[in-house]
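A.B. asks: All chains, please: the whole structure from these sequences, using the hints.
Number of protein chains: 2
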Amino acid sequence: MNNFAFYNPTKIVFGRGTVSELGGLVEPYGKRVLLVYGGGSIKRNGLYDQVLRQLKGIGAEVYELPGVEPNPRLTSVHRGIELCREHDVQFILGVGGGSVIDAAKAIAAGVPYEGDVWDFYARKARVEKALPLGAVLTLAATGTEMNGNTVITNWEINQKRGMGSIHVYPKFSILDPELTFTVPADQTANGIVDMMSHVFEQYFSLTTDTPLQERLCESILKTVIENGELAIREPDNYAARANLMLCGTYALNGGMISVGVQQDWASHEIEHAISAVYDIAHGAGLSIVFPNWMKYVYRSRIDRFVQYAVRVWDIDPAGKSDEEIALAGIQATRDYFTRIGAPATLGEAGIGREKLDVMAEDAVRFGPLGSFRKLEKDDVKAILEMAL
Amino acid sequence: MNNFAFYNPTKIVFGRGTVSELGGLVEPYGKRVLLVYGGGSIKRNGLYDQVLRQLKGIGAEVYELPGVEPNPRLTSVHRGIELCREHDVQFILGVGGGSVIDAAKAIAAGVPYEGDVWDFYARKARVEKALPLGAVLTLAATGTEMNGNTVITNWEINQKRGMGSIHVYPKFSILDPELTFTVPADQTANGIVDMMSHVFEQYFSLTTDTPLQERLCESILKTVIENGELAIREPDNYAARANLMLCGTYALNGGMISVGVQQDWASHEIEHAISAVYDIAHGAGLSIVFPNWMKYVYRSRIDRFVQYAVRVWDIDPAGKSDEEIALAGIQATRDYFTRIGAPATLGEAGIGREKLDVMAEDAVRFGPLGSFRKLEKDDVKAILEMAL
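For the protein sequence lines, the chains are A and B, in the order given. In this text, residue positions in the first sequence follow the numbering used here: the first is 1, and each later residue adds one. In this text, residue positions in the second sequence follow the numbering used here: the first is 1001, and each later residue adds one.
Treat the hints as calculated values from the structure; they're not laboratory data. Backbone N, C-alpha and C define an ideal beta-carbon position, used for all residues, glycine too.
Quick list of simulated restraints, FRET-style, between CB atoms: (1) 1057(B) to 28(A): 32 to 42 Å; (2) 1236(B) to 324(A): 36 to 46 Å; (3) 114(A) to 1028(B): 19 to 29 Å; (4) 1331(B) to 314(A): 24 to 34 Å; (5) 1226(B) to 49(A): 46 to 56 Å; (6) 1059(B) to 124(A): 33 to 43 Å.
C.D. replies: Written out as structure tokens, the structure reads:
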């Protein structure tokens, strides 16, 4: 186990009907609120009205940034920053999935910063302060509701980049599993792949002597696997939706499950390079990339892949070589993704070999990827070839 | 799963040599510091000097409260509160195990309160504010380093009581596993029993649909079991000490492993009633009580005890009734406690049947105990009889 620091100041308010606590949660931060949301589903399902009632109930002045995209765009973030500055906004509330909350974080960091907010994503500057923000989550997937990460896409230069800062942890996040009942099967599946991938990035590590962290990862994976298919089959099964939502949050809440563990994140970088060019859903991209990454790297530490196969997928090790056990676990991962309807190849997402080189180049822009096995451009290209 | 709120603002700084970060962690809170510690082991092992160097390094004025007892006493807390008021102390630093940190929390809450600090423990008042506090942990056990709980003993009236408040979460806790290398085998064992007991209180629950929480509990238990014996056999095995320390913290960090789960805590109340009369170590008391509590209550939800036996103790269920599996798990618990040297009976702690009635009466002073099975005075007495 490596030395570490862990600090996560986000308050989680979880369960049926908890949107009714929103007003009281926002009130300490001020009356001028920017409401950030996406494509309008919150207007159709009544959540928008509920949120506005809560905000009006505390006498808030509400400014709105609607239309944040599934891969949130820098242009939307710029609009939000302008709105905040124009109206001297004191608090930012994101109501939606990971994209909306990531955009809210970018806006929060951008408002008090003199330069362009993209500087944070381009690694030219570090966030020193931010407006306070909160979230009402409507999709179980990214974990952004309880961490300081945000990913934004800059279409002018076809780059999708992430950054993290303690200053953009939400002050609170409301997680009501009922708000996810209407999430369609394909988005539910993408969310499942996303949260499993977050665990993979922390689980497949070369760090030794981390038995608790490994088991915490395995606990989330097994729970997601059981509840994921159930939630797709029965979209309004409260227990399944609640278990998924909790797993999504715990999978990436500032690294609680992987304290002292060197993480990888190569697959995420590769996916970002894909969706910066093709604008596919993040979960879909991860579904295509991750099992191929596994096949490419598993020999770096085959015992971890054996443990994964046995503990997470209940692969019976009797009479099998380590190689066979490891590969059976990887295959089980792919089969599960397929079973929940997530794509297996770039081809399924309409992506051919034309831009493999561009994507591989972009992925390693800041240097080789990952730590489980360091990946150079040629490695990334090989993984993308496997994914065709 | 029940609705819940979760918020844990403690920063953890973990690993070898992290006491070197102490000065920087204290500095934001002020220069007048009360240093709280126990029986002097920190003077023998050099930690005291190291801490003072850190505090002098930021120009702090240090006032001292030495001699806090293993079951910390209200009289020590009163002395600490007086010192703080007299010197206008701005920050309280506890350096030691759970008792020292619990005392530091009591002092922190007591300083700005006009009445007697015992009011909080007697449930006559709630903490509204507190001085900021931090901790350097020297014993893996209670989890107090990352929660808002504190337990104090009032010897005038023979009562040991706990209370919890968000205002007494440490601002930071430094966890250096090397500081626990010198903890003797019996105290290491008590710490192991304590952390396992904390998990039991959250794991044996009637709440349904909590698969992630159950697995998180099982993850900690299995890791403690593996590393506990190793740490006793090899006191300076860094990995074993580090894994135990992390388990102790995660076992009770504000309920992270049991969000949305109704907890029990009857066994802790029973142990408090015992040690309020006999001043035995908390972990020793829990070792005596818990397996007996298990035997008394397991029929309330036998499937959870079956799961415990199979998943935590690898009991082979083939050919056994649920009853047999559950009892095998309970026996495995007792055997493990015995293997690490923790006591099994009140007799081993020199306690006879003279005061069973007084203790049972005291345990239910605020009403029946627990939730897995509600325990009246007669139930508590029956469990104590089983423990003789």
